[in-house]
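**Q** Chains as they are written, first to last, in the working numbering: chain A, 2 to 393; chain B, 155 to 543.
Some hints here could point you the wrong way.
With the C-beta cut set under 10 angstroms, the calculated list includes, among others, these residues of chain A facing chain B [stated by the list, open to error]:
(1) 124
(2) 129
(3) 179
(4) 183
(5) 188
(6) 221
(7) 224
(8) 233
(9) 260
(10) 262
(11) 353
What the simulated footprint calls covered on chain B by chain A, stretch by stretch (three residues with Cβ under 8 angstroms from a Cβ of chain A suffice, anywhere in the stretch; the number is not a length) [claimed, not checked]:
(12) 267 to 277
(13) 330 to 338
(14) 367 to 376
(15) 402 to 415
Note that these hints are calculated values from the structure, not bench results. These numbers were taken from a predicted model, which means no experiment stands behind them. Heads up, the beta-carbon is just placed ideally off N, CA and C, and yes, glycines get one too.
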Amino acid sequence: MAAHSAVLSASKIMNPFWVGRLGNTAKVFGTTLIRHRNKTSLTPPPAKYGGRHTVTLIPGDGIGPELLNHVREVFRFTCVPVDFEMVNVNSALETDDDMNNAITAIRRNGVALKGNIETKHTLPASVKSRNNVLRTSLDLYANVMHCQSLPGVQTRHKNIDIVIIRENTEGEYSSLEHESVSGVVESLKIITRNNSIRIADYAFKLARERGRRRVTAVHKANIMKLGDGLFLQCCREVASGYPDITFDSMIVDNTTMQLVSKPQQFDVMVMPNLYGNVVSNVCAGLVGGPGLVPGANYGRDYAVFETATRNTGKSIAEKNIANPTAMLLASCLMLDHLNLNDYASLIRNAVLTTMNETRLHTADLGGQGTTSEVVQSVMRVIQSKGQFTAEL
Amino acid sequence: GKAVCCPRVRVLLVLLLRRSFKKFRAGITTQICASLLCRHAPPARYGGRHTVTLIPGDGIGPELAKHVCELFRFCCVPVDFEVVNVDSTKTSEDDINNAIMAIRRNGVALKGNIETNHNLPPSHKSRNSLLRTTLDLYASVMHSQSLPGVRTHHRNIDIITIRENTEGEYSSLEHESVPGVVECLKIITRTKSLRIADYAFRTAREKGRRRVTAIHKANIMSLGDGLFLECCKEVASGYPEITFNSMIVDNTTMQLVSRPQQFDVMVMPNLYGNVVSNVCAGLVGGPGLVPGANYGENYAVFETGTRNTGKSIANRNTANPTAMLLASCLLLDHLKLHGYASMIRKAILSTITDSQLHTADLGGKGSTSEMVQSIMDAIQSSGPRTQRH
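Modelling step: build the complete structure from the supplied sequences, incorporating the hints.
**A** Set out below in structure tokens:
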């Protein structure tokens with residue numbers, strides 16, 4: 002990784018003609034180096050032809066399409082070597098064809114950026130949530146969300162820095178329900194040893210990589226003794242292999258109460274699916290709302306990036322008031338994943354600089370800015386950094 | 155209300171008529187009938203004094219229960235406590251069965267949280283859960299209000315959370331059919347969902363509330379939470395003056411931490427209720443401030459809203475007695491001793507405005523006994539007949 006960035010930086014000083022050539026060498030060299038390291042995401046290098054990556058893009062519903070358009074705009078402007086293969090998924094249809102196409106495309110490319118696909122309540126219960134189907138088919142077992150207090154955003158709590166790792170494929174989201182007796186519904190929550198060990202292992206490896214000191218497991222084992230008891234046991238087993246990291250556990254109700262009073266006490270949190278959903282939404286609310294936090298879903302072979310709180314934002318769709326920060330930061334996470342770290346830092350810094358401008362804050366942050374204004378500002382900041390960019 | 159004409163009512167009527175000729179006045183009979191028409195059967199009452207089961211529980215439970223007894227004795231509240239201890243270390247269910255029998259006898263209880271020992275096998279069920287399901291205390295009601303004198307990040311919060319208390323994820327039905335694979339069953343039934351929704355809307359109407367929000371995750375659990383939502387909608391159609399809307403639980407928790415003032419009454423299944431009520435408690439100042447009530451068809455049990463054992467602060471005289479004392483006021487309201495309830499409640503609220511007395515959970519250095527003393531002082535100064543200090 003160090004050698005890789007060193008070569009890239011060296012290539013910047015040299016003649017632009019050589020930049021591309023050296024850049025490629027650096028990428029290949031870098032990737033080889035990285036494969037030997039003990040990385041959290043054991044993902045094989047994604048599709049890459051002629052030095053350009055191909056990424057699947059699923060616009061989704063609500064604010065998804067407009068935000069992803071902005072992402073493409075910013076990428077084109079910054080000359081990021083990424084091509085998007087767009088796959089539309091129509092949430093109104095009952096057939097799974099659209100979804101299967103999308104999944105095939107992601108298998109092909111290895112990486113995707115998606116908006117949230119709406120789950121229509123009017124369709125029968127047999128039609129499962131499309132987002133969920135995507136996550137389980139591709140076995141994207143870890144959902145990682147990093148909640149950080151952003152400097153320009155006014156919130157009630159300061160200095161929040163929590164990484165939430167949520168099991169993404171089982172738990173309450175198994176979609177296994179049946180009505181054996183009329184008027185009595187049983188929903189099954191599945192906890193397995195394998196998946197629990199896998200997610201705990203992911204959490205501890207990530208904590209170690211990022212130099213984090215503590216991992217907290219969130220559970221409800223006083224009530225769901227077998228299920229969450231198994232989860233907790235697996236976490237403890239994995240924790241014993243990481244003596245440098247403190248491990249503790251907390252019941253989910255106490256966790257949410259502590260989060261709203263003293264969120265600074267949390268470092269890395271690992272938990273099953275539903276608690277992960279609730280806790281990550283609480284944390285997103287604490288740092289400023291759904292428009293600010295990016296999320297990533299990692300599997301052994303694939304990675305899909307989206308906004309952390311997975312909102313469709315139907316009510317604000319196409320009004321040019323959605324906050325593009327979450328989606329842009331998600332695209333930066335994607336660039337990091339593709340080892341295009343320089344582009345990632347460049348766009349990320351531009352987004353954070355723009356966030357400092359209260360004037361540009363969108364409605365969710367209490368301001369009156371529009372999406373396009375924010376994106377324009379991001380592009381201006383990028384241009385001012387002196388990079389080779391397209392015309393504004 | 156409905157007209158009740160079962161034998162039990164008739165027997166009670168006869169007893170009351172025989173007891174005192176003084177009470178046999180024209181209007182009284184109607185009043186007695188009216189009180190008997192209420193949802194809950196009248197609790198045990200002899201010689202004008204009520205008997206209430208008291209379960210101290212673990213952690214801070216015993217000391218707080220003692221303070222309640224002290225306060226009630228000081229105010230001459232006509233309530234006698236029947237203390238039933240439940241030992242959380244024992245595996246046999248005798249203790250909890252005794253407690254349940256006592257509550258059946260008395261009709262009302264005040265309890266501390268009973269610890270669930272993790273070292274015992276999974277067949278050992280949570281004692282609190284057992285109590286709730288056996289007595290069919292189907293509604294857990296928690297009123298989270300911003301208290302004056304307590305500094306919080308948000309102001310003007312006034313949310314009533316009504317949580318289904320007997321089914322959902324707390325069915326304690328789990329099995330490991332294949333080693334390493336555990337299935338936990340979450341049960342949602344039409345009957346119970348209708349019942350809790352009905353309770354929620356009736357409560358909203360009684361308290362003059364304008365909106366009821368159902369919390370669910372029907373996009374993922376479409377059959378289960380879908381059924382719950384459907385039941386809520388059915389019941390809502392019978393209350394046209396109350397607005398009904400629904401919200402997914404993750405969005406709800408996010409909205410709660412950014413704009414909690416938008417919520418009025420919330421109704422939800424068991425687990426979401428647990429999480430949401432804890433978030434609300436955290437927003438208004440923490441677990442030491444909010445009382446909770448569990449209502450059933452025939453019984454009512456009062457406790458702190460967030461059901462914490464508080465093991466780490468037990469016996470240190472640092473626990474905040476507010477939640478338990480306010481729970482005892484809810485108890486008095488239930489027993490229709492409204493005069494005593496308001497008096498104690500007012501004294502508590504005036505004490506809480508004094509930040510000198512705030513306990514550690516509110517960021518102060520006060521002790522439990524100081525707070526209780528101050529409440530008793532406030533009651534004495536308001537004039538009614540009290541015991542000597």
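**Q** Decide, hint by hint, whether the structure agrees.
**A** So, going through the hints one by one against the coordinates:
1. This hint holds: residue 124 of chain A has a C-beta 9 angstroms from the nearest C-beta of chain B, less than the 10 angstroms allowed.
2. With its C-beta approaching chain B no nearer than about 8 angstroms, residue 129 of chain A sits inside the 10 angstroms limit, and its interface hint holds.
3. Here the hint on residue 179 of chain A is kept, as its CB sits about 7 angstroms from the closest CB of chain B, short of 10 angstroms.
4. A cut of 10 angstroms between beta carbons decides the hint on residue 183 of chain A: the least distance to chain B is about 8 angstroms, and the hint holds.
5. For residue 188 of chain A, the suggested interface contact is upheld, since its CB lies about 4 angstroms from the closest CB of chain B, less than 10 angstroms.
6. Given the 10 angstroms rule on beta carbons, the hint for residue 221 of chain A holds: about 7 angstroms separates it from the nearest Cβ of chain B.
7. Checking residue 224 of chain A against chain B: minimum C-beta separation of about 5 angstroms stays under 10 angstroms; hint holds.
8. Nearest Cβ of chain B to the Cβ of residue 233 of chain A: about 9 angstroms, under the 10 angstroms cut. The hint holds.
9. Checking residue 260 of chain A against chain B: minimum C-beta separation of about 7 angstroms stays under 10 angstroms; hint holds.
10. Against a cut-off of 10 angstroms between C-beta atoms, the interface hint on residue 262 of chain A holds, since the closest Cβ of chain B lies about 5 angstroms away.
11. Taking 10 angstroms as the C-beta cut-off, the interface hint given for residue 353 of chain A is violated, the closest approach to chain B being about 21 angstroms.
12. Residues of the region 267 to 277 of chain B with a Cβ under 8 angstroms from some Cβ of chain A number 3, which satisfies the need for three, so the listed coverage holds.
13. Beta-carbon proximity to chain A at under 8 angstroms applies to 7 residues in the region 330 to 338 of chain B; the threshold of 3 is reached and the given coverage holds.
14. Coverage of a stretch by a chain is defined here by at least three residues with a beta carbon nearer than 8 angstroms to that chain's beta carbons; for the region 367 to 376 of chain B and chain A the count is 6, and the condition holds.
15. With 9 residues having a Cβ less than 8 angstroms from any Cβ of chain A, the region 402 to 415 of chain B passes the three-residue criterion, so the hint holds.
The structure fails hint 11 only (numbered hints given earlier).
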